[in-house]
Amino acid sequence: MNNNVFFKKSFYITYVTVIVLIVGAFYIFKIFDKTSSDIERLTLQSNIEYINNITNNLANLINKKTDMQLVNSLKISKVLRRSLEENLGMFRTKRYKYIYVVQKLPNTEKFCFLLDGAKKDKSGFLEIFQPFNIQEWLEVYKTKKPRYFKHRNIKSLWLTYLKPIVQHNKVVGIIAIDFSLNEYNYMHNTLDDLSFSIKIFMSLLLFVFIVVLIFVFIDKKRVYLLKKQAKEIQNFNITLQKKIDEEVIKNREKDKQILEQSRLAQMGEMIGMIAHQWRQPINAISAASITINMRAQMDTLDPKSTIELADKIGELTQHLSKTIDDFRNFFKDTKEKQDMTYDELVISTLDIVGVSVQNKNITIITDIQSDIVFCTYVNELKQVLLNLIKNAEDVLEEKKIKNAFIKIEAVENRLIVRDNGGGIPEDIIQKIFNPYFSTKTLNGTGLGLYMSKTIVENHCGGTISVTNDAEGAVFCVVLPST
Amino acid sequence: MKFLFLLLTLFVSLYADVYTQKLYETVLGSIFKERPIVVFATGDVKATLQNSKMFDVVGNCKNAVVAVIGNDTSLEQRCKNIPIFATTHRNYMRILNAFGAFYWRKGRPQIHFREGELKMFHLHLSHDLQRFIDE
Ligand SMILES: Nc1ncnc2c1ncn2[C@@H]1O[C@H](COP(=O)(O)OP(=O)(O)OP(=O)(O)O)[C@@H](O)[C@H]1O
Ligand SMILES: [Mg+2]
Chain H
1 MNNNVFFKKS FYITYVTVIV LIVGAFYIFK IFDKTSSDIE RLTLQSNIEY INNITNNLAN
61 LINKKTDMQL VNSLKISKVL RRSLEENLGM FRTKRYKYIY VVQKLPNTEK FCFLLDGAKK
121 DKSGFLEIFQ PFNIQEWLEV YKTKKPRYFK HRNIKSLWLT YLKPIVQHNK VVGIIAIDFS
181 LNEYNYMHNT LDDLSFSIKI FMSLLLFVFI VVLIFVFIDK KRVYLLKKQA KEIQNFNITL
241 QKKIDEEVIK NREKDKQILE QSRLAQMGEM IGMIAHQWRQ PINAISAASI TINMRAQMDT
301 LDPKSTIELA DKIGELTQHL SKTIDDFRNF FKDTKEKQDM TYDELVISTL DIVGVSVQNK
361 NITIITDIQS DIVFCTYVNE LKQVLLNLIK NAEDVLEEKK IKNAFIKIEA VENRLIVRDN
421 GGGIPEDIIQ KIFNPYFSTK TLNGTGLGLY MSKTIVENHC GGTISVTNDA EGAVFCVVLP
481 ST
Chain Z
1001 MKFLFLLLTL FVSLYADVYT QKLYETVLGS IFKERPIVVF ATGDVKATLQ NSKMFDVVGN
1061 CKNAVVAVIG NDTSLEQRCK NIPIFATTHR NYMRILNAFG AFYWRKGRPQ IHFREGELKM
1121 FHLHLSHDLQ RFIDE
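Keeping their order, the protein sequence lines are chains H and Z. The opening residue of the first sequence carries number 1 in this note's numbering; numbering runs sequentially from there. The opening residue of the second sequence carries number 1001 in this note's numbering; numbering runs sequentially from there.
Okay, chain H solo, but in the shape it has when bound:
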């Protein structure tokens, strides 16, 4: 916006400047034109005045010195001729190149020289002379008035001034001065060049003006387009933000759903585990009840053994109730962080899952070398460990590995779960943490590892990673040690 104001300002300044320049240039040109023509006129005028004076004096001199008719006086006296020619020669300069006196030959339109002020290339007395513009010369004879005219001989521009010598009211000769207009010409050319330059300058200005106008026009269009685009982008951004927000909310809900799903799935498995845990004590209770029943029928039920059996049944039922408590605890949603060591985590998880794993002929090896106390979401981490153990159990069972084992190690803040199930194929190892990724066709939801990753990384601020070693997969959970 600021930029725009600046731009507008500068645009108007340029605009006004150029207009002022153009008007100024036109004005200067007009003045210049007038001045140059004035200069030309005045220079010419002053020169003519000067020549006029000279020729007046010369005519007077000639009239004074020749008492008879001019030609006759000159014919008679060579001395007179020479002295008059000297007088003429006095006015000869570079500019007034030729000064001479001619006479018209009677009955023809030809002239002949009477006097010549030149030293070199001198014309002879009475030598025939053919001038240019002969009409002008004849006119002087008619009007008895001085005249001048410009003419261009092949070399340069000349002005010829003709002054009649009048005796007894008759023109007896003409004093002619050829006046070089070269300087004048030079000036004229210079002025012409100058006016030409001004014209060029003016057209240049006009050109600049037009270019500026075009530029401004284009730029305005560009700015307009830019603004439009910016607006569109802004609108787009707003809708995009809305969409993103919506998507985020959706995603969160989805995540919640996924976690819920996964938990439900785990619960299903739990029931299986509970069944495992309970089978042995229930068998024992049943055995005890049968023993009591038999002894009662055979009448061998002595108080001592009855008490023993009843105690055993009590113990067993307590065991059952403890198991139930354990499962309940497992699924309790504790929203607060609790203190925990890896040792406690592993023991409480194995309490639940241990029996069912061992029933499948899988050895569980634990090696806990860590006594760091973490303050974290214990129940959720139990679910993570449970997932890892269950996955190992699944692969070991599926591949019917002999001497199958699951090894749980803890070193400092690392918890490592490894098995000898042969590992994860390299082409899927990148995807196993994705939701719904599963190779298990029957009972796999593909949520176990996704949920584990969510818990470890998003809730507990740790990391979970997987590699393969020589025997099988190695999962490594790292929790931040506070």
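One should not assume that every hint holds.
To be verified - Heads up, simulated DSSO-like pairs for lysine-lysine below, C-alpha to C-alpha not over 30 Å straight-line:
#, chain 1, residue 1, chain 2, residue 2
1, H, Lys110, H, Lys75
2, Z, Lys1119, H, Lys110
3, Z, Lys1046, H, Lys120
Stated by the list, open to error - Residues on chain Z that point at chain H, a partial pick, calculated with CB under 10 Å:
#, residue
4, Glu1034
5, His1089
6, Asn1091
7, Arg1105
8, Pro1109
9, His1112
10, Gly1116
11, Lys1119
12, Met1120
13, Phe1132
Hints were generated in silico from the structure; no laboratory data involved. Each residue gets a CB set at the ideal place from its N, CA and C atoms; glycine is no exception.
With chain H held as given, fit chain Z with the ligands onto it using these hints.
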């Protein structure tokens, strides 16, 4: 600017030469009908005539139909039998068998013909040139 002026001068001086050459071509070309006109020339005129294709400039008067005599005065004796065209007023006056002349006077080209000599050599002037015959 100076350069322009120089160029103008150069052009004009070139033009002056061309003018002179053209003039010789029209004047002599209208009087003498053969082509090329075998001409004996001396002085600066020689170069001017040599530039023109109309003339065949030779070294002596024997084979020439016309002699164009420049500033030189000693040669006219050998060329008594052919018409002579002078290029200065002085020579025009001095050389008796000169039938005509061309020279510059006060920056103006001057052309002259003498009736007697023209007749003597049986030369005919075109109508345009007749006004240059001296009385
Ligand atoms: N220890 C392991 N050894 C070999 N492959 C494994 C191991 N752990 C996981 N996988 C592979 O990773 C995939 C994803 O595991 P995840 O726990 O996310 O889902 P799932 O076990 O298939 O399904 P669910 O956990 O719901 O039963 C498994 O299908 C399996 O192919
Ligand atoms: Mg799993």
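Each hint tested on the structure:
no., hint, in the structure
1, H:Lys110 - H:Lys75, "holds, 19 Å"
2, Z:Lys1119 - H:Lys110, "holds, 23 Å"
3, Z:Lys1046 - H:Lys120, "holds, 23 Å"
4, Glu1034, "violated, 29 Å"
5, His1089, "holds, 6 Å"
6, Asn1091, "violated, 12 Å"
7, Arg1105, "holds, 6 Å"
8, Pro1109, "holds, 8 Å"
9, His1112, "holds, 7 Å"
10, Gly1116, "violated, 16 Å"
11, Lys1119, "violated, 20 Å"
12, Met1120, "violated, 21 Å"
13, Phe1132, "holds, 7 Å"
Figure legend: structure checked against the earlier numbered hints; hints not met, in rising order: 4, 6, 10, 11 and 12.
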